[in-house]
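Protein chains in written order, with the working numbering: chain A, 1 to 412; chain B, 1 to 124.
Keep in mind the hints are simulated off the structure, nothing from the lab.
Every clue listed holds true.
List time: in silico BS3-like cross-link candidates among lysine-lysine, alpha-carbon distance up to 30 Å:
id: 1; chain 1: A; residue 1: K232; chain 2: A; residue 2: K367
id: 2; chain 1: A; residue 1: K112; chain 2: A; residue 2: K2
id: 3; chain 1: A; residue 1: K2; chain 2: A; residue 2: K324
id: 4; chain 1: A; residue 1: K71; chain 2: B; residue 2: K122
id: 5; chain 1: A; residue 1: K157; chain 2: B; residue 2: K76
id: 6; chain 1: B; residue 1: K87; chain 2: A; residue 2: K71
id: 7; chain 1: B; residue 1: K76; chain 2: A; residue 2: K71
id: 8; chain 1: B; residue 1: K96; chain 2: A; residue 2: K71
id: 9; chain 1: B; residue 1: K4; chain 2: B; residue 2: K38
id: 10; chain 1: B; residue 1: K4; chain 2: A; residue 2: K340
id: 11; chain 1: B; residue 1: K122; chain 2: A; residue 2: K77
id: 12; chain 1: B; residue 1: K85; chain 2: A; residue 2: K154
id: 13; chain 1: A; residue 1: K71; chain 2: A; residue 2: K27
id: 14; chain 1: B; residue 1: K96; chain 2: A; residue 2: K313
id: 15; chain 1: B; residue 1: K88; chain 2: A; residue 2: K157
id: 16; chain 1: A; residue 1: K222; chain 2: A; residue 2: K238
Every value quoted in this text rests on a predicted model; they were computed, and no experiment measured them.
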Amino acid sequence: MKYDRFVDLVVIGGGPAGLSTAISAKKNGIDDILLLERELCLGGILNQCIHDGFGLHLFKENLTGPEYAQKQIDELKTLNISYLTDAMVINLTKSKELEFIHRTGHKLIKAKAVILAMGCRERTRFNIQIPGTRPSGIYTAGTAQNLVNLQNIKIGKNILILGSGDIGLIMARRLTLEGMNIAGVYEIMSYTAGLERNIQQCLNDYSIPLFLSSTVTEIFGKGRIEGVNIGKVDKDLKPITHSERFVKCDTLLLSVGLIPENELSKKAGVKITDFTGGAVVDSELQTNIEGIFSCGNVLQIHDLADYASLEAKRAGYFAARYIKSKQKRYNRYKINFCEKIKYASPNYIVENKEAIIVSFRIKKPAKNVVLIVKDRENNILVKKKFIRLLPSELIQIKLEREVKSDIYLEIE
Amino acid sequence: MKKKIVCTLCPIGCELEVEIQEGKVVSVEGSLCERGVKYAKDEIENPTRCISSSIPVRGGKRYETVSVKTSSAIPKDKIFDVMNKIKKIQLKAPIKLGDIIIKNVLNLNVDIAATRNIEKDKSK
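Okay, chain A solo, but in the shape it has when bound (with noise of 0.2 Å):
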């Protein structure tokens, strides 16, 4: 193989967690970098997140999605780490070779480690299968974001939004401050998706409807969409017979959920897991293949690019300690979680002096409950106790002590 280039570090996506591991590689001692963004513009979806809410965790201030970005951006060029955008990976192999297709060409190069931080894509109509006909004037979310917020595109007029994820509660607030109506928003659980705070300063403050176990069973309209059939759901999400009531929109929007785009992970045979859509990873967001590690949205949905920056920064620091040790993986413990936890992340442990992170999202709401983890001969590492504790959280506890065996999630 005749490679363009051989380079130490290769990251893929310059968003926020791209822009964030690659600063904290660099910090760590990894000068041979080069960062691979497939837009016009490094920042990710930061760009089109014009609200504020951002950095409250990694810069201690209040910023909206551009600022945000500028400021890993301004960094990331302080310390002169190399980046190429309208640069698209088009494979992978387990090897670390990558190939991408850049203005100056199909390119081949070769990587000592490899960070995936490729985010996420929103589920579509075709995800959730909804029935009828095929008119124009359905977007998701995200995509109705991108078009009014940078393309200054109007959408619609008069938008009923399906799903209460916290793009679709962001674009309510959004649109209503454009001038648009909107018809509602539908959520086919019996709980919100998005966070308590977009609940309130997205949809409270602008008395937009919110209704909750009901979904769109049908759309209709020729050409342009002219309303879509709500149907209320039973206890397994199925609709109830005769629930249906005809509501009038001429756009819809989807904001019914996020996939991690793990295709190219899949071509370097990555193993997935189901329950997030992201890689198995060990305590050090290393994949199954050596050498190639995994952050952010790509891994797992962060509620909050804070928290997708913050697991990359700790992926940067442990793809640089590989690099530069080239050691061999110690033992690595399994982390099991009972019925009423969703998914744990990371799946095992890896052991080292280092402190661990494991996220987790409970399945139901609940109320006045304690996380218990333990080790397998049961003496317990943490406990914590959580007033409430909802599905649209990303609950992260920290494990100070050295674990030398299985570890179990326990909600009491």
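Position chain B against the provided structure of chain A, taking the given hints into account.
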């Protein structure tokens, strides 16, 4: 009058029961910390919000718009008045992050500031 609100200052999200008399908070129950009491008082007596929007830009490189925000929170009941001011504006590249687009909007002692750099597109 009693009103239920959820404190959004931290992820715990205490459900607060607020007793209101003549628009003033007289008691707050359900808060785990002191910040919740202040939150309830602010929310009921003088609610404020930061808002963001985007403004069309001519001659910009890679962007059709520039994102903007209020430099600090404005009274909630002034949101649409401020939006109407923002909607009347059109801008020309270049613009720098932090540039003041509207100074002291509606005499609220708050500026509308750009939150993104927009370079000039020399080919346009």
